[in-house]
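Engineer: Okay, here's what each chain looks like letter by letter:
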Amino acid sequence: MKEKKLNLIFILFWLIALLLVPPLFPRYLLHVFIIAHIYAAFALSWDLLAGYVGELSLGHSLFFGLGAYSIGYLSGKFGVDPWLSIGISCIVTVVWGLLIGLPCLRLRGPYLAIVTLAFQMLFFLLANSLYNLTGGEEGIRNIERVFNSTESYYYLSVFLVIIAFIICYLLVSSKYGLIFRTIRENPEAAEAAGVNIVNYKMLGYMVSALIAGLAGSYQALYLKIATPDTLSMALTFSAITIVAIGGKGTLVGAVLGSYVTTFIFDRFAFLKDYKMLMYSIVLVLCVLFFRNGLAGAVKRVLLWRKMGVDNMPGGGKA
Amino acid sequence: MVLEARGLTKRFGGLVAVSDVSLTINQGEFVGLIGPNGAGKTTLFNLLTGFHRPSAGTVVFKGEDITGLKTSGRVHLGLARTFQIVQPFPELTVSEHVQVGLLTNKRKKQINVQQEIEEILNAVGLVEKSNDLAKHLSLGQLKRLEIARAMATGPSMILLDEPFGGLGQHEIAAIQELITDLQHKGVTILIIEHVLKAIMNLCQRVIVLNEGRILAQGTPEEIINNPEVVGAYLGKTDSGQLKKVL
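So the protein lines, in turn, are chains A and B.
At position 96 of the first sequence the residue is numbered 95 (numbering that gives the first Met the number 0), and the sequence of numbers has no breaks.
At position 176 of the second sequence the residue is numbered 175 (numbering that gives the first Met the number 0), and the sequence of numbers has no breaks.
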């Protein structure tokens, strides 16, 4: 119950802090915040799947990219209303999640990770090479502008990331969260306890795909362009690194990690050329020395008199 | 008759682990399943609970053919199991182990989950541990947690795979008591056990498996005196020696 309080306090402070950003900080920082929020939503979707259900999705940018390209086609090419396009993009991502998840989740082993990765690489190649259909490296432009001010885009990104956080939080703190964690901990034992693991994994995969797709379509809406970057493996790795820095299986970690990485890359722009290298190094360091991430460190400080560190739910094994 | 297996066979490549096994277990019965190492006891359990698909044969539970049903589906019908090698959820608390079983129990309306968790943990003697993570429990506690998790699913039949394995005298006595209580509540029990002493007093009937086939079945007395069983365990010898071993 202590956990619940902490999470509520976190959401409250977070929301207040976010509302104070536009009046207090230069406009240019709003852009960094918007990007951070898009990454946070994407990292949340990855954490939901990896940190709770225990399924590693190595091609997760597939869903981000599907969201981005869907809105690109709908709004950029066919002139569909952008708001309606976001809704349809989400449906498209979930349908793809269903198509990939249904055959893969029935199999035990790393099939889901491999097949998602395969589709992500396939779509990345297609997006790059089918110039007539996808615009190649230049992507799809002309997505309709919905707001005139960066502030409005900022507030919508706040809304988006908070909604994503609340969806994930409600899911993992409900009975589904407990069932997800039994699957992560020991799928065979979960099945023996009466958990239909295929159905529940599917549920987690769908929600995760939905949130990733939403993040992707919002990025396309904000930048008014859908490029192959949204389908890249580097994007998946950015989510994995963000979650590793923030703390896996905590949700809060995905948000914290996203702010930290986005602002570091903003401060030290030259690092962007070495993005993959940085991600790899940070990932290795986190796994070796910083298992519980930022969220784990914060929790340790806040809760440490109440209970032993080892007894913290969600702590320990990474 | 609660559970019936007809002609169950399981091949792993060229190896026939279970070969044409037919058995019936009656409502409320307490049946022991014994046999030398590698006799196919655990494989038979896996076939009955749906962890393996049989190469041939059918499983019928409460009159329903469940051969094609997943493990969780069988649990929902009231067929629970424990594992020989304990299978806890390491990062989950003891009470969460029980809670999962209660959540998936669809036959029962959940009125007071907290109270039911407490009742079950009380029965297995883990109430004080309810907020501890499973990874911090001892083997004896984990063995009891296995049974608690199975109990939470509201089973009418439990398959226990070596619940005494690796335990000391006191812990064995505690689990014996627990199992006896279950039986008194009307739960049908099929138990695999190497510690024959521990089950000889409990079982009404013993089935002996050897090289994947049923070698003999009968009361514990009959089994101990059966020369074929003695032969399977000790090679050719007299039953007096087996009695000493058992």
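Quick caveat, the hints were computed from the structure, so don't treat them as lab data.
Quick caveat: nothing in here was measured; it's all calculated off a predicted structure.
Think of the CB as a built atom: it goes at the ideal place given N, C-alpha and C, for glycine as much as any other residue.
Do not rely on the hints blindly, as some may be mistaken.
Said to hold, decoys possible - Selected chain B positions facing chain A (Cβ under 8 angstroms, derived; list incomplete): (1) Asp64; (2) Leu68; (3) Gly77; (4) Ser94; (5) Ser155; (6) His183.
As the list claims (entries may be wrong) - Quick list of in silico lysine-lysine cross-link-like pairs, DSSO-like style, CA-CA up to 30 angstroms: (7) Lys174(A) <-> Lys196(B); (8) Lys3(A) <-> Lys134(B); (9) Lys174(A) <-> Lys184(B); (10) Lys105(B) <-> Lys196(B); (11) Lys274(A) <-> Lys4(A); (12) Lys128(B) <-> Lys174(A).
Engineer: Now, for every hint given, state plainly whether the structure supports it.
Structural biologist: Outcome of the hint check:
1. Asp64: violated, 19 angstroms
2. Leu68: With a closest approach of 11 angstroms, the Leu68(B) hint is violated.
3. Gly77: Cβ of Gly77(B) sits 10 angstroms from chain A, so the hint is violated.
4. Ser94: violated, 10 angstroms
5. Ser155: Ser155(B) check fails; min Cβ-Cβ to chain A is 14 angstroms, beyond 8 angstroms.
6. His183: violated, 24 angstroms
7. Lys174(A) <-> Lys196(B): violated, 42 angstroms
8. Lys3(A) <-> Lys134(B): holds, 23 angstroms
9. Lys174(A) <-> Lys184(B): holds, 28 angstroms
10. Lys105(B) <-> Lys196(B): Cα-Cα ~37 angstroms, so violated.
11. Lys274(A) <-> Lys4(A): violated, 36 angstroms
12. Lys128(B) <-> Lys174(A): Cα-Cα ~21 angstroms, so holds.
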